[in-house]
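Trainee: The primary structure of each chain is shown beneath.
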Amino acid sequence: MAYPFTSTARTVGTVAVAAVTYCLLVLSSFPTYTMQMLGADLAYADDALLALTANTYETIGALGLGLIVVYAIATGIALTAAVGRVRYVGVRGARGLSSVLPGLVASGCASCGAGVLGLLGFVGALATLPFHGNLLRLGGLVLLLGYLSRIGDPRQCSIPAASESE
Amino acid sequence: MDLPDSPTTRRALLGGIGTILAGGGVVYGASRLDSASSPPPDVPLYSSSETTGFGIDLQGHPVMGESNASVDVYYWSDYQCPFCRRFEENTLPDLIENHIETGSIRFVFIEYPYLGEASMTAAVMDRCVWRTVREEAPARYWEWHSAVFDAQSSANSEWASRSNLLDITRDVDGIDADAVDACMRERRDDIEASIETDVQQARQYGIQGSPAFIIYNRQTNAAGQMVGAQPYERFDEAISKVRNA
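Chains as they are written, first to last, in the working numbering: chain G, 1 to 166; chain B, 1 to 245.
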């Protein structure tokens, strides 16, 4: 998990990915509103982000908003580590990617939740879930952190531990 | 306190502090967005038995604005929805001042309870309050409506219980809370069925969340849909567009 902070460029990249992820997650909580606002004028982006941040906070509380922030940071770390792995060992050797991407997708769905469910027609479904869907978000985050723990530092090769019977 | 020696640790620490500050700022900003509730409008509320050209049955819904306004705005909301509260606080006062009081639009309140059982309780009480005041003191409805949005708290918590909503009703001058209570006991099933019909109709229009609006030109039948607590300027543009369509 320390690799994304081992240079200024990686740190900036990680923070940028985290910020973009946060914006996408919050804006996707009410996709039709976001599309109408941004479709009218991109200058409404900050209005939409602030309004939906407030709405997210009031709907799922500080814990839910905090989970989204942590998920965004974890995504920044995961993507920076994944890019580093491709750079050091190439696409063929980047087996870790195959384990990270499904985790990102699965936990991302768990994090944004409301917007996706709304688009699918399950309006208000998250409100009926335990803790307004925060349990689902926490599960998604644990899933992502589990996948993150498998990546390791892309500059180092992992050597499988020999079994004790050998 | 010793500062960490490793550049990696320092960057991680700075990144963490920056994130916490940014996150804290966002949460603080989000928590400071509330503003005072809307002042009472200088335009009467009234009931109507008309079914509009768009297919909205106005029976049972409070209507605000000139009955012969060229444009209708249908407004679906849920008393438990924070985004509806944001619209009521930030945008509706300007709409009232610049479009409803000037006779430019007619505004129709329609319940869209979808955030749990308490949403339906509040929606039914809304209908009961309107039934109680619509003939003699329709302006009281606005005071009750604003008072409930002012009291909004976490969805499906105690604030939207029947007893708490009745307490709010008792605090609004000119509303017979006992009559509202009786209406809740005796007519709840009928009113729920009527609200369910409204919700199904809204879904047929593609409405998936609240607040939601349909802006309808009564002369040309042109219509447009808006969702969410969009700023007043967006409504102003949309109303002009539909009026000129």
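Just so you know, the hints here were simulated from the structure itself, not pulled from any lab data. All C-beta atoms in this analysis are idealised placements derived from N, C-alpha and C, irrespective of residue type, glycine included. Mixed in with the good hints there might be a few duds.
Claimed, not checked - Residues on chain B that point at chain G, a partial pick, calculated with CB under 8 Å:
no., residue
1, 82
2, 83
3, 208
4, 224
5, 230
6, 234
7, 241
8, 245
Trainee: A closest beta-carbon separation below 8 Å is what the hint needs, so does residue 245 of chain B meet it against chain G?
Mentor: violated, 16 Å
Trainee: Tell me if the interface restraint on residue 234 of chain B is satisfied: Cβ within less than 8 Å of some Cβ in chain G.
Mentor: holds, 6 Å
Trainee: Restraint: residue 83 of chain B near chain G, CB-CB cut 8 Å. Satisfied or not?
Mentor: OK, holds: residue 83 of chain B within 8 Å of chain G, min 5 Å.
Trainee: Hint validation: residue 241 of chain B versus chain G, beta carbon distance must be below 8 Å. Holds or violated?
Mentor: violated, 11 Å
Trainee: Does residue 208 of chain B meet its interface restraint, that is, does its C-beta lie within less than 8 Å of any C-beta in chain G?
Mentor: At 5 Å from the nearest chain G Cβ, residue 208 of chain B passes the 8 Å test, so the hint holds.
Trainee: For the hint on residue 82 of chain B, just tell me whether its beta-carbon gets within less than 8 Å of chain G.
Mentor: Since the shortest Cβ distance to chain G is 4 Å, the answer is holds.
Trainee: With a cut-off of 8 Å on the beta carbons, see whether residue 224 of chain B makes it to chain G.
Mentor: violated, 10 Å
Trainee: Does residue 230 of chain B hold up as a contact with chain G if the rule is Cβ-Cβ below 8 Å?
Mentor: For residue 230 of chain B, the interface hint holds, since the closest Cβ of chain G sits about 6 Å away, which is under 8 Å.
Hint check: violations occur at hints 4, 7 and 8; the rest are consistent with the structure.
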